[in-house]
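Engineer: According to numbering that gives the first Met the number 0, the sequence shown holds residues 0 to 199 in order.
Worth flagging that the hints you see were computed from the coordinates, not collected in a lab.
Warning: the hint list may mix true and false statements.
[Stated by the list, open to error] Once the Cα atoms are required to be at most 25 Å apart in a straight line, the calculated SDA-like pairs of lysine to any residue come out as: (1) 176 <-> 151; (2) 176 <-> 195; (3) 176 <-> 193.
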Amino acid sequence: MSRTALLLIDYQVALCELGEHCRMPALAEQVARRGVIAAAEQTLAAAREAGLYVVHVRLAFDPSYELRTNRTPRFDAYPRERAMLADAPGARIVSPLAPLPTEPVIDKGAVGAFAGTPLLGMLLAQGVRHVALGGVATNLAVESTARVAADSGLQVTVLADLCASFDPALHDVAIEKILPMFASVRTSAEFLAEVDHATR
0 MSRTALLLID YQVALCELGE HCRMPALAEQ VARRGVIAAA EQTLAAAREA
50 GLYVVHVRLA FDPSYELRTN RTPRFDAYPR ERAMLADAPG ARIVSPLAPL
100 PTEPVIDKGA VGAFAGTPLL GMLLAQGVRH VALGGVATNL AVESTARVAA
150 DSGLQVTVLA DLCASFDPAL HDVAIEKILP MFASVRTSAE FLAEVDHATR
């Protein structure tokens, strides 16, 4: 029997919380303005209750930065600044979405969740054929992950209210124009209603 997985992508202190560890204030501001963390927290609780396979994905590096698969200039700042090391405060997943001990956490060295990680094999081994995902930024990690998931034969649902970008216009373009070409775009309420109906 096929399963649904909930993928939570890059809900990290450095990206989602204003403060001393914040690397992207514009993104953190949009996360707060859109109520993303509260929506993700509610979705996560319901997914756990429904028995969905929950996977947390984060941008995090080993001290050598050799597991970094993205070699574009934009990623050069991480090794140069010794940023987003796996055990650094900024790389931590925000407290409201803290993983349970039974929930896998995947560290990635790229934009999307699949490049250089065991995610696809893990999903298939669990019988997952449908992934619902949310995260930041909408036009980067979410879009990249959704594209590869669709190309890998998975059914994809993007939870729009669990997403934000540093630029609201880019979020809107991704949600309204790009993502519907290879994913179903839903609100978390719509998705959870479908989950509730399926588990009754």
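Engineer: What are the numbers of the hints the structure violates, in ascending order?
Structural biologist: 2
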